[in-house]
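First to last, the protein sequences are chains A and H. Following our numbering, the numbering of the first sequence begins with 1 at its first residue and continues without gaps. Following our numbering, the numbering of the second sequence begins with 458 at its first residue and continues without gaps.
Simulated from the structure, these hints should not be mistaken for lab results. Take the hints with a grain of salt, since some may be wrong.
Stated by the list, open to error - Straight-line Cα separation of at most 30 Å, DSSO-like style, residue types lysine-lysine; simulated pairs:
id, chain 1, residue 1, chain 2, residue 2
1, A, Lys26, A, Lys330
2, H, Lys541, A, Lys26
3, A, Lys328, A, Lys26
4, H, Lys541, A, Lys20
5, A, Lys300, A, Lys26
6, H, Lys541, A, Lys284
7, H, Lys544, A, Lys56
8, A, Lys284, H, Lys544
9, H, Lys544, A, Lys455
10, H, Lys546, A, Lys362
11, H, Lys479, A, Lys455
12, A, Lys300, H, Lys541
13, H, Lys541, A, Lys75
14, H, Lys541, A, Lys408
15, H, Lys479, A, Lys328
16, A, Lys330, H, Lys546
17, H, Lys541, A, Lys362
As the list claims (entries may be wrong) - Residues from chain A that keep clear of chain H, each with C-beta distances beyond 10 Å, as calculated:
id, residue
18, Lys26
19, Gly61
20, Met84
21, Phe150
22, Ile172
23, Ser174
24, Ile233
25, Ser256
26, Asn259
27, Ile283
28, Tyr286
29, Leu361
30, Pro369
31, Asp370
As the list claims (entries may be wrong) - Coverage of chain H stretches by chain A, computed from C-beta distances (three or more under 8 Å per stretch; other residues unrestricted):
id, region
32, 474-480
33, 492-506
34, 515-523
35, 529-539
Predicted model only: the values in this text are computed from it and were never measured. Cβ atoms here follow ideal geometry from the backbone N, Cα and C, with glycine treated the same way.
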Amino acid sequence: MNYFNIFYVIASILFILGIKNLSHPKTARRGNFIAAMGMLIAIIVTLLAYGQLDYKLIIIGIVIGSIIGTFFALKVEMTQMPQMVAIFNGFGGSASALVAAAEFLKSGDISTFTISTIIISIFVGTLTFSGSFIAFGKLQGFVSGQPIIFPAQQLINAVLAIVLLVLGYLIILSPIEMNYFYGLIIISAVLGITLTIPIGGADMPVVISLLNSYSGIAAAATGFVLMNNALIISGALVGASGLILTNIMCKGMNRSLANVIFGAVGIEQETTDSDSNQKQVLIKSYSTEEAAMIFDAAEKVIVVPGYGLAVAQAQHAVREVAEFLESKGKEVLYAIHPVAGRMPGHMNVLLAEANISYDQLKDLDEINPDFEDCDVALVLGANDVVNPAARHDTSSPIYGMPILDVDKSRTVIINKRTMNTGFAGIQNELFGFDNSIMVFGDAKDMLQQLLKDLKEL
Amino acid sequence: MDINIITVFILAIFVGFEIITKVPPTLHTPLMSGSNAISGIAIVGAIISTNINGELGTYLGLTALTFATINVVGGFMVTDRMLKMFKRK
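Please put together the full structure from these sequences, using the hints given.
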């Protein structure tokens, strides 16, 4: 048995090396391959190390899973990546919980330590499962993307948490009583739903990151159940990864982690509706022809893409405009806010898909000094992340959120469909600034028209 | 025995924080789907759990195995699909 454990160590090392290679786009693909090899080694070793396995069953499970997994992986649109990751989190979490449950049913002589880890694994895994499906539903649109709020929400969550603790204690006392065990599964699933359902669509990046972390914690807990280092190490890696991303997303929205976990995210949003549209802003609306003339005179252009860009499927149109501008000797960069898109790094993937070179994609800290000497900032379907109110207006719901300093550019050209407010439900004072120009219309149509006008100049 | 495995867990968390903070924001989505695939390591547990006697245990094992395989296969494949798109001109 010890002999085989060495291979689990090798698998763990390959996971670590794989993630290490993700530190640069050049080596990232190799990193993913290395991690996949680690997984293959772990699977083969497990198949060989454990004698009396039901191989027929294993083949059935692996074949069905591979077909479904491959189908998802090949079919998914890049805009749908958040849903995909959400549902995969759910599968991972539930797999961990199911393994722990199977181990529990095997019963025999289980130590208190093992029972405790089984309880944690089932709790976290089931919560990840139900929470992920709600998140998936919200992103896919069959569950309302709006925060769903019901009375005494926090109280209900607190009661559920206490019931869970009591159930856990009872299971440790009398592991034979199956009703406690079923209770644990049901309440964990309910808690996953009640914790996820009050969170609005725009806050999904936080939720997905957090669920990602949970799926890792569930795997690690299962590792404790089975006393398997490969599960513990990979679970810890994923747990850490999800937590770091959660933290980055929270910072990007200026919210604390506690604020997110306890579901206050959605409630905050509701209060913002009341003070929306209070301030009237006077805007200047330009045609694409007029905008083209501004671009023609510019030397440095920074594109600020928001999720609206992806919704309009305008990534390729952006690249075409950018390529034209570059051919005229102008510099084009892209400013990516941490919460642009529906999951961490989502916008980068969407732009990479449109063949935009990754070294032109700049994150917030990197790009902000660049706006000072930028001639045109082109804001496409982004709103809250460029709202200067975040800097000074303490009453604004987005106050304190780090923003892209587009207003420092000589000219800001903002494309929007209509004058509707952003996700935070507030009017953007940027639109009324002296150096701001609005160009209304669908992002894709606008960009294609702009390209035509640029070529005709 | 228990303390050894807890040590491994804690050290792995530290390693995780070290290497993951070095992943640039550009690659955060592939990081997420890739680490997601890694959390499919529960597949190892799922394989082991199929040797449990009793019908319920078997079905749990089969379901766990199917879910974990979806996670592993789909996760690594879609990550590769994404990373293929990151090019430099």
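Non-interface claim for Ile233(A): all C-beta distances to chain H beyond 10 Å?
-> Ile233(A) not clear of chain H: closest Cβ-Cβ about 4 Å, inside 10 Å.
When you check the alpha-carbon spacing of Lys541(H) and Lys408(A), does it fall within 30 Å?
-> violated, 35 Å
Taken at face value, is the distance from the CA of Lys75(A) to the CA of Lys541(H) at most 30 Å?
-> Holds. Lys541(H) to Lys75(A) sits at ~16 Å (cutoff 30 Å).
Are Lys541(H) and Lys284(A) close enough, with their CA atoms no more than 30 Å apart?
-> Cα-Cα ~42 Å, so violated.
Please settle this one: Ile283(A) was flagged as non-interface, so is its CB more than 10 Å from every CB on chain H?
-> Given a closest Cβ separation of 32 Å, the condition holds.
Given pair status - Lys26(A), Lys328(A), alpha carbons within 30 Å = holds, 28 Å
Take a quick look at Met84(A) and tell me if its Cβ sits farther than 10 Å from every Cβ on chain H, holds or violated.
-> About 6 Å separates Met84(A) from the closest Cβ of chain H, which leaves it inside 10 Å; violated.
Minimum Cβ separation between Gly61(A) and chain H greater than 10 Å?
-> violated, 3 Å
Distance restraint between Lys544(H) and Lys455(A), which requires alpha-carbon spacing of 30 Å or less | Satisfied, since the Cα-Cα distance of roughly 27 Å is no more than 30 Å.
Distance restraint between Lys544(H) and Lys56(A), which requires alpha-carbon spacing of 30 Å or less = Status violated; Cα separation ~42 Å.
Given as non-interface: Ile172(A), which should sit over 10 Å from chain H by C-beta | holds, 16 Å
Check, residue by residue, whether the region 492-506 of chain H contains three or more positions whose beta-carbon lies closer than 8 Å to a beta-carbon of chain A, and give the verdict.
-> holds (count 15)
Comparing the model with each numbered hint stated earlier shows that hints 6, 7, 8, 11, 14, 15, 18, 19, 20, 24, 29 do not hold.
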